[in-house]
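Order-wise, the sequence lines are chains A and B.
Each residue of the first sequence is one higher than the last, beginning at 0 in numbering that gives the first Met the number 0.
Each residue of the second sequence is one higher than the last, beginning at 0 in numbering that gives the first Met the number 0.
Treat the hints as calculated values from the structure; they're not laboratory data.
Hints should not be assumed to be uniformly reliable.
To be verified - Computed list of chain B residues with no C-beta within reach of chain A, every gap over 12 Å:
# : residue
1 : Leu17
2 : Leu52
3 : Val55
4 : Leu103
5 : Ser104
Said to hold, decoys possible - Selected chain B positions facing chain A (in silico; Cβ < 8 Å):
#  : residue
6  : Asp11
7  : Leu25
8  : Ser27
9  : Leu31
10 : Val94
11 : Asp99
12 : Leu106
13 : Arg107
Cβ atoms here follow ideal geometry from the backbone N, Cα and C, with glycine treated the same way.
Single-letter residue listing:
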Amino acid sequence: MSTGLLILLLLLFPAFGAILLAGRGWRLPRIFTVIVGPGAVWASFLCTVALWFGKTNGDFTYYTWIKSGSFDVPFGILIDNLSIFMCFVITGVGGLIITYAVGYMEREDDPSYARFFCYMDVFVFSMLLLVLADNFIFLIVGWAMVGLSSYLLIGFWYQRHSAVVAARKAFVMNVIGDVGMILGTFVLFMNLHSVTYSDVFNALSHGDNGNLELAAFLLLVGAIAKSAQLPLHTWLPDAMEGPTPVSALIHAATMVTAGVYLVGRMHPIYDVATYAHAAVAIVGAVTALFAATIAIVQVDIKRVLAYSTMSQIGYMFLAVGIGAYAAGFFHLLSHAFFKALLFMAAGNVIHAMKDEQDMRKYGGLWGQMRPTAITFLVGSLSLVGVIPFVGFFSKEQVLGLAFSKPDDAMVQVLWAVGFATALITGFYTGRMWWLSFWGKPSPQRRVEHPHAPPPVMMIPVAILAILATIGGFIQTRALGFGPATVDDFLSSVVGNPAWEGGGAEIAVTFLTMILAAALFVWALYSRPWSAVVPWAQRLLERKYYFDEAYHWAFVRPTDWVAGFALRDIEQPVIDAAVVDTGIVARAGAGGLSLTQNGYFRNYVLVFVGGAVVAAVILIVRANS
Amino acid sequence: MSALNIGGSQLDTSWFLLLSAVLFVLGSIGVLVRRNPLVILISIELMLNSANLALVAFSRQLLNMEGQLFALMSMTVAAAEAVVGLAILVDIFRVRDAEDIDDLSELRG
């Protein structure tokens with residue numbers, strides 16, 4: 000098979016799957032959906048493996064989509080180590096999650112079941128298009144299509160009002176980002192006269208620096224919206240209304256990390272646009288801390304995970320923002336492992352608890368759901384960053400590189416923020432695990448004896464648990480020795496940072512772990528902190544009043560303008576004009592219809608009368 | 000001015016026109032006041048004939064044959080019109096027993 004065809008198949012398998020399911024899937028037996036839905040993603044995974052073994056590299060152009068003067072948009076696929084890396088995350092972790100969904104979505108009726116897998120395949124296709132595109136136009140197409148499939152999947156249970164509202168919110172937020180992307184592309188095209196990556200990056204030295212900064216900031220808007228970073232983050236917690244596999248795939252492992260991919264892919268631009276680059280790091284660090292604090296008080300298990308996702312993506316932004324691109328992508332990979340694991344293990348619990356998501360109503364599951372509890376613990380330890388789980392190596396590398404970046408005071412501050420976040424991460428993760436699995440069953444628990452998850456749900460979780468446990472050993476650079484697989488793999492695309500991660504940072508982190516544990520124990524066994532500072536609890540429970548602020552700043556004025564237009568423009572002016580025209584026409588017709596009374600005599604009388612009048616006029620004029 | 004001798008006296012054109020006008024007015028009044036469709040048709044014929052008379056009278060006065068030709072033509076047209084009008088009337092009578100033309104006022108607005 001030729002390489003070009005293989006690449007095309009990698010991209011198109013999920014699209015074929017979606018088309019099959021959309022067309023006939025729900026009318027055929029359920030086994031058809033079960034094979035086609037996950038099968039399409041696994042087929043893409045095999046293509047990725049084949050390309051990886053073949054060490055494929057290059058820019059494959061299939062045809063010219065638009066050609067108009069200097070505006071030239073080819074449909075091209077860029078295969079380099081970064082896109083192969085992303086394809087591995089998308090199809091590998093994605094395949095596991097979609098396989099898991101076979102069990103999780105079991106209670107849906109046949110049409111919804113097929114619809115779910117159809118949407119999931121659409122998502123995987125869009126995400127692959129996003130990472131494989133070799134130009135900005137197809138990047139934007141993929142970018143918008145992942146937003147669409149995210150919308151469809153958040154609103155999957157469309158009978159639920161809250162799900163529909165959440166889906167709409169996510170879509171609007173994402174479109175703000177899409178607009179940023181499109182404007183950024185305009186700016187780049189106006190300055191550099193091309194939309195393909197290679198041409199743009201080659202021409203960067205001719206670009207005007209101010210314009211490059213502008214373009215980089217606009218692209219950052221897109222990245223922020225997609226990755227749920229401040230201040231466009233409010234859609235992600237609400238997106239938890241979607242089914243749990245959706246949260247695992249889209250809102251933890253893949254789509255929300257697209258912003259990190261974007262910054263990494265555009266690194267030649269960000270290397271030049273230093274202000275925008277610094278903004279990436281600042282946004283990341285601030286979001287990491289901000290989201291972690293909110294996660295402390297959330298009681299919905301999926302919302303805790305959503306805020307921790309925002310927080311971890313903040314770390315990735317911090318990494319790519321300081322120029323440690325490979326470290327950011329390593330954290331992306333490790334986060335895909337452990338966060339998908341956490342979501343799917345949480346899904347097992349939610350499934351067993353009859354869709355209850357409030358952690359306060361769990362409790363005591365350690366004895367009753369032992370395998371799930373263990374895997375969740377593995378995910379939690381990885382999220383906190385305990386040796387030797389994968390999260391330790393990736394987070395340590397990010398923090399270590401930030402700690403030791405030379406001659407940059409701002410990055411030192413950001414390191415401190417990230418460090419504080421790591422502390423809080425330990426706190427809220429411990430609280431989550433403790434509330435759900437330890438202690439006695441909560442009196443409000445609805446299910447006395449939770450059922451064990453079926454193998455189709457347990458096996459993907461177990462695989463991810465293994466990956467989260469040993470995956471870190473592919474890159475132990477945080478410890479200063481051992482392999483650096485991800486760094487070496489990606490260095491051909493994003494290069495290596497010019498400095499080494501510091502060893503001193505490791506010692507500090509060990510102290511953090513101890514401190515976090517102490518804090519945790521203190522919080523559990525002493526007076527609850529929320530009783531000490533109730534205003535802080537309220538502030539966090541209201542999520543720093545972002546939703547309220549947006550409501551007052553954007554929703555209310557829009558409502559007011561719309562209401563004003565309706566009450567004072569639409570109804571009295573436009574509607575009234577139309578209605579009045581009708582009234583005039585109707586009255587005129589009524590008046591004229593009196594003359595058409597159907598009596599022959601009347602018509603003759605008018606006719607004769609007219610003739611007489613005409614004759615009189617003629618006679619008078621002739622005689623005068 | 001040419002003249003026609005009838006009983007030894009010259010008859011002026013205005014007499015013909017006067018007769019024509021009287022006939023026309025009678026016809027119009029007939030159309031206006033009578034209710035029987037058949038009578039209305041007859042009244043219309045009367046008006047047509049008054050017009051013919053006027054045409055012929057002017058033709059005699061101006062010594063021009065065109066007026067008489069035109070009268071012949073209008074008679075032909077009147078015959079055709081009578082055929083069509085009577086056919087419509089017969090049809091109306093067949094569908095409904097309408098002796099009063101005021102009963103046929105369904106097309107009012």
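Hints, one by one, checked against the model:
| no. | hint | verdict |
| --- | --- | --- |
| 1 | Leu17 | 15 Å, holds |
| 2 | Leu52 | 18 Å, holds |
| 3 | Val55 | 21 Å, holds |
| 4 | Leu103 | 7 Å, violated |
| 5 | Ser104 | 3 Å, violated |
| 6 | Asp11 | 20 Å, violated |
| 7 | Leu25 | 13 Å, violated |
| 8 | Ser27 | 5 Å, holds |
| 9 | Leu31 | 6 Å, holds |
| 10 | Val94 | 17 Å, violated |
| 11 | Asp99 | 10 Å, violated |
| 12 | Leu106 | 5 Å, holds |
| 13 | Arg107 | 3 Å, holds |
Of the numbered hints given earlier, the model fails hints 4, 5, 6, 7, 10 and 11; all others are met.
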